[in-house]
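Letter by letter, the sequence shown follows residues 40 to 347 of the numbering used here.
Quick caveat, the hints were computed from the structure, so don't treat them as lab data.
Incorrect hints may appear among the rest.
In silico lysine-lysine, DSSO-like type, Cα no more than 27 angstroms apart, as pairs [as the list claims (entries may be wrong)]:
| hint | residue 1 | residue 2 |
| --- | --- | --- |
| 1 | K59 | K334 |
| 2 | K115 | K201 |
| 3 | K76 | K115 |
| 4 | K216 | K41 |
| 5 | K76 | K41 |
| 6 | K41 | K201 |
| 7 | K216 | K251 |
| 8 | K301 | K216 |
| 9 | K201 | K166 |
| 10 | K181 | K275 |
| 11 | K275 | K256 |
| 12 | K333 | K302 |
| 13 | K77 | K166 |
| 14 | K41 | K147 |
| 15 | K242 | K271 |
| 16 | K115 | K147 |
| 17 | K59 | K216 |
| 18 | K334 | K301 |
| 19 | K256 | K152 |
| 20 | K147 | K77 |
| 21 | K340 | K289 |
| 22 | K93 | K216 |
| 23 | K216 | K147 |
| 24 | K86 | K105 |
In this text, all values refer to a predicted model and were calculated from it rather than measured experimentally.
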Amino acid sequence: MKGPLFYSKILLFGEYGIIKDSKGLSIPYNFYNGALKKAEEPSENAKKSNESLKRFVSYLQNIDAKLVTFDFDALKEDVNEGMYFDSSIPQGYGVGSSGALVAAIYDKYAQDKITVLENLTRDKLLKLKAIFSEMESFFHGKSSGLDPLNSYLSIPILINSKDNIEATGIPAQQNSKGAVFLLDSGIVGETAPMVSIFMENMKQEGFRNMLKNQFIKHTDACVEDFLSGNIKSLFKNTKQLSKVVLNHFKPMIPPQFHELWKKGIETNDYYLKLCGSGGGGYILGFTKDIEKAKKSLSDYKLEVVYNF
Numbered sequence: 040m041k042g043p044l045f046y047s048k049i050l051l052f053g054e055y056g057i058i059k060d061s062k063g064l065s066i067p068y069n070f071y072n073g074a075l076k077k078a079e080e081p082s083e084n085a086k087k088s089n090e091s092l093k094r095f096v097s098y099l100q101n102i103d104a105k106l107v108t109f110d111f112d113a114l115k116e117d118v119n120e121g122m123y124f125d126s127s128i129p130q131g132y133g134v135g136s137s138g139a140l141v142a143a144i145y146d147k148y149a150q151d152k153i154t155v156l157e158n159l160t161r162d163k164l165l166k167l168k169a170i171f172s173e174m175e176s177f178f179h180g181k182s183s184g185l186d187p188l189n190s191y192l193s194i195p196i197l198i199n200s201k202d203n204i205e206a207t208g209i210p211a212q213q214n215s216k217g218a219v220f221l222l223d224s225g226i227v228g229e230t231a232p233m234v235s236i237f238m239e240n241m242k243q244e245g246f247r248n249m250l251k252n253q254f255i256k257h258t259d260a261c262v263e264d265f266l267s268g269n270i271k272s273l274f275k276n277t278k279q280l281s282k283v284v285l286n287h288f289k290p291m292i293p294p295q296f297h298e299l300w301k302k303g304i305e306t307n308d309y310y311l312k313l314c315g316s317g318g319g320g321y322i323l324g325f326t327k328d329i330e331k332a333k334k335s336l337s338d339y340k341l342e343v344v345y346n347f
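Throw the hints in and build the complete structure from the sequences for me.
Written out as structure tokens, the structure reads:
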């Protein structure tokens, strides 16, 4: 048995902000993927994944049947036969490892599922997001449902607000110097503690005002610039966003990257931002000149994910 592949994702803009209704833009990242599998002689990792799936199945049985139902007979049988999620998606890196698993389980076992081939109305997208939010909460405590949605549909998703999401097109990649890249921090990040810090900060009026008047303002502008291909304005807004994150989201940036972050803003060689919840994993970078950024960040491994 080998199920279809589900891909990782990158939330280009909207981390944390989408919790408070900023815009967001999420794109599939086909470099990493995962699939449900069974093996004659499972590895240690496969056994671990299978154990986790057993717990996940118990959790799924408690989800409101009005929202979604599964073929539990088939699911339990496959899990008891050693089914696991075979994935190249790094965990704790902000590229959606649990999202791909959720998408794979929904695709194979959900009853009356909404398929990718249907006319994806806003209502259908919101229903899928609600289902995925419930399912993925098993892994993170609280999930927006966007990672599995992206993985399941494998198309860019534009988040206008919590109740307004749509599939979107993004400008075709150009063969030029400008790029979005991933920088490997070499540290595994944990989503739940980072979200807790954010929620704690949200109790302070000053932080809430900053979020609305700076963070969300620049995030929304970045999404609009990116989709309209206004690269000059995009870099201006990304620089502002990078500054806001350095000043107000320090706990989400691993300490050894604070100087590097600042250096990018000062030299304009690159601008860094959080990839997912931060705390480790990948850091997302934007640069007008990828060769310059590579020189500036020569101690790190960069992966280009999109060319302007």
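Now for the hints, and whether the structure bears them out:
1. K59 <-> K334: violated, 37 angstroms
2. K115 <-> K201: Violated: K115 and K201 sit about 33 angstroms apart, past 27 angstroms.
3. K76 <-> K115: holds, 14 angstroms
4. K216 <-> K41: With Cα atoms ~39 angstroms apart, K216 and K41 exceed 27 angstroms; violated.
5. K76 <-> K41: Holds: K76 and K41 sit about 5 angstroms apart, inside 27 angstroms.
6. K41 <-> K201: The hint is violated at about 34 angstroms.
7. K216 <-> K251: violated, 33 angstroms
8. K301 <-> K216: holds, 22 angstroms
9. K201 <-> K166: Since the Cα atoms of K201 and K166 sit roughly 12 angstroms apart, the hinted pair holds (cutoff 27 angstroms).
10. K181 <-> K275: Roughly 32 angstroms between the alpha carbons, so the hint for K181 and K275 is violated.
11. K275 <-> K256: holds, 13 angstroms
12. K333 <-> K302: holds, 13 angstroms
13. K77 <-> K166: violated, 30 angstroms
14. K41 <-> K147: At roughly 11 angstroms apart (the allowed maximum being 27 angstroms), K147 and K41 satisfy the hint.
15. K242 <-> K271: Distance ~35 angstroms between K242 and K271 Cα, so the pair is violated.
16. K115 <-> K147: Distance ~12 angstroms between K115 and K147 Cα, so the pair holds.
17. K59 <-> K216: violated, 34 angstroms
18. K334 <-> K301: holds, 16 angstroms
19. K256 <-> K152: Cα-Cα ~36 angstroms, so violated.
20. K147 <-> K77: Holds - the C-alpha atoms of K77 and K147 are around 14 angstroms apart, at most 27 angstroms.
21. K340 <-> K289: holds, 22 angstroms
22. K93 <-> K216: Violated, because 47 angstroms separates the two Cα atoms, which is more than 27 angstroms.
23. K216 <-> K147: Violated. K216 to K147 sits at ~41 angstroms, over the 27 angstroms cutoff.
24. K86 <-> K105: Judged against 27 angstroms, a Cα distance of about 32 angstroms means the pair is violated.
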